[in-house]
Structure formats: structure tokens, C-alpha cells
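The lines below spell out each chain.
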Amino acid sequence: MDGPHDLGGKDGFGPIDVTAPPFREEWEARQWALSKNVPIPGGTIDWWRHGIENMDPETYMSVPYFVKWNLNEIAHRVDRGMFTLEEALSGRAAQPAPPANPASMDTLLERLRTNNTSFARPLETPPGFAVGDTVITQASAVPGHTRLPAYARGATGRIAAWHGGHLFADAGAEGRHVVEHLYTVEFAARTLWGAEADAQDTVCLDLWEPYLAPA
Amino acid sequence: MASYDAKKIGDIHRHLHAHKPSDPALRIKALEDLAVERGLVARETIDTWVEMYAERIGPKRGAQVIARAWVDPAFHDRLFEDAGQAVKEFGYEGHATEHLKAVANTATTHNLVVCTLCSCYPFAVLGMSPLWYRSAAYRARAVKDPRGVLDEFGVRLPEGVGVRVWDSTAELRYLVVPQRPEGTEGWSEAALAAIVTRDSMIGTQRDLTLEAA
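Chains as they are written, first to last, in the numbering used here: chain A, 1 to 215; chain B, 216 to 428.
I should point out that these hints are in silico values taken from the structure, not numbers from a laboratory. Treat the hints loosely; a few may be bogus.
Pairwise CB distance ranges, derived in the manner of DEER restraints [unchecked claim]: (1) ASP287(B) <-> THR117(A): 20 to 30 Å; (2) ALA161(A) <-> GLY375(B): 35 to 45 Å; (3) ALA427(B) <-> PRO214(A): 46 to 56 Å; (4) ASP238(B) <-> PRO126(A): 54 to 64 Å; (5) ALA427(B) <-> GLY42(A): 41 to 51 Å.
By construction, the Cβ of each residue, glycine as well, lies at the ideal position given by its N, Cα and C atoms.
For reference, chain A alone in the conformation it holds in the complex:
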């Protein structure tokens, strides 16, 4: 979908605050901790991302990063019936439950380590492209979740690497497990941005086979 999240190549943002730290405020770190320690059972990473993409554009562009996370964590829990909107806004549970046990630092370090998740899956069908092949990306927008950014649509590039079968993000956002071949595709910067780009520069994207056609 052509949501406000698809920022690559957009103009008008001005300079970057190069000194900005990871967290400026305690609440930012606490939202990060909440997101990582109050799991949403089921669901997929791309359905989570698609939730943020469906945030209204004014909010997306105006609220701090971890407020976006907060709003999306609430939206997903309301969506699946874990919380009501009223509970999330008030911070009071309609029906309190026995308290959870605190986790130690060692437990949390181990939880982080074992959070490592593979998205690779076996795939019987052979890859449609080989390293070095020239491909062209899909030119049209799609209404749902996609990881093909608008700036790289309809662009000709070269297969730089093949990664085997990976869970396809577009299907994951719809709750379907579909495996497709994943490639790194390298585009000349001038192909994407025109003559103003430096002739030496390139942009690499990781793209699934359904985004690609032979060029």
C-alpha cells in the first residue's frame, strides 16, 4: 500500500539530527520493553508492520517513534480482543489478574538470545533467477502490505545474491505462510534517481520472486 511509511526518496525532510541518542526519554525505553515482554499470541511480523502502515498519515508523520509503537501495540491487542480500547486508554483493567512473576536479568538476556527467529523455509521449486540476471520489478502498486518500496517499482536491476526460500512478507501480513525465493537485487543509483545520482553508487534491496520479472 502507498502509505505514509514508504519514505524512501521522499523530499523535504531537511537535515538529520546526527547526534540523536537511542532513547531520549525513559518512556521510550519502557515502551520498547513493553513491546518485547508482553507478546501478542499468534500474528506475524508483517501483520504488525501492516498495522502501523494503516495508522492515519497525520499521526504517522507527527507522533514520536515509540508513540507509534504504543498505538500499534494497543491497536493489535484490541484487534484480537486482548484489551478493549477503554482499558488501553485508561490504563485500568476491567478484570485484574494475579501479578506476573518478575524476570531476572539472566532470564531476560536468555529471552533476547532465543528470540532469534529464522524466516528461511525449504522450497522445492527451483529459483527463477540466477546471480547476474537482469530483472525488472513490478511496476504497479498493490493495495495490501508489500516490501517493494515505491521508489524501486518498475526498475531494472541485477540479481546480486540468492537467499533460498523465505516467508513472503505480503502473505504474512494476511496470516498466510507462503514461501518464495528471496534475492538481493542491486540497482544503479542513476536508474532509480536519474543523472543527478553518482554513477558509482548503487542501492541493494532484498526482494521476493513475485516482485520480479526477467528484463
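Could you slot chain B onto chain A? The hints should help.
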């Protein structure tokens, strides 16, 4: 279960928008209070996780990986073969590292990492991303104007150096391996790790200095 209904989640977001918080700290506290009351997490666990990210999970981990790649040719090869596996030798795997890929800066190539669609980052190896990495300005400009972005970080590329930008669009994550600076011959792995900066592993710094990061 999750609805996977984009219209429904969009409607919920619009309801939330109508109650947009004036104070972000209160909004986050409300979710924390609710999760604690519902027995989903203990407040002490949130405290400990925050402490863990402040003190244990950060770019010092990535710096150790880079330093070992500089001094140990066999590890260097394993890192470039499969960085997700190689970081397991340190126990540094975790959130978003399974499909980690190491990319090397050379005399003719400079690598720069971005996620234009969200904010993908190899958290377990580099810690929380700097705010600028998640900013609209960086996400918008890194792919289109990488040399302008690098200039704002004080990086001036020598003649003949091309920029390769990595947009993290799938579940691969990127770790830039900066060039080992001259004058560090014979240094210990620990001394080398101390000069590797976070920004050099994202690509917004090119030349490391001999000062501790």
C-alpha cells in the same frame, strides 16, 4: 485471534487518533499499568529490560565481532559466509540477527544501511538504533542522497569510492565492517574493539580513529 483485516486495524487506529495523547509518558504508562494489572508482565521486568538495554545490549557487542574479524582470518571468513551464525560464537544472537549479513568497506566501496519502510536494525548486535536511524529524514534521504547524508555526518568520500546503500526490505539485517585503521598493527582484539563505533557499523562513519569509541 488476529483479524488480518486492514480496514479493521485502520479503524482502531482512527479511534486511537481521536484520543491522541498530549503527554507520551502518560500514554505509555497507561499501557504498562494495564499490562501489569492483567498479570501479563511484572513492572520489575520492564525495569530490568530497560537496564539490560542500557548496560548489556549495545554496539560494544558488534565492535567485538568486528575486532575478531580483523585479527582472526578464519572468523573473518565465517562472518562473511554467514554472520548470523558467526555472532553465535559470542552468544550475541537474538532479536533480528538470524539473517545477519556482513558487508565490508573497501578502498573503492562504502556501505550504508537503512530501512526505508520501517526501522529494521540488528538490535541484539548493535543495541537500540539511534533516533536518527528511525527518523523520516534519514529513511527518506539515505537511498536518494547518500552522499548528502554522509556529508552531514562529516564523511567525505575519497575519489573513486562508490556508495552501496542497503535497504533492509526483508528479514536480512546488515552489519558494516569498517576498514581497520592504519597504526593498529599488533593491537589486541580488546583494544581494537574499543575503537569501533556504532555509526561505523551502520555506515555513517567511514574512518575510525585510534581513540576509544
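Here's how the hints hold up against the structure:
no. : hint                                : in the structure
1   : ASP287(B) <-> THR117(A): 20 to 30 Å : 28 Å, holds
2   : ALA161(A) <-> GLY375(B): 35 to 45 Å : 24 Å, violated
3   : ALA427(B) <-> PRO214(A): 46 to 56 Å : 51 Å, holds
4   : ASP238(B) <-> PRO126(A): 54 to 64 Å : 56 Å, holds
5   : ALA427(B) <-> GLY42(A): 41 to 51 Å  : 45 Å, holds
Figure legend: structure checked against the earlier numbered hints; the only hint not met is number 2.
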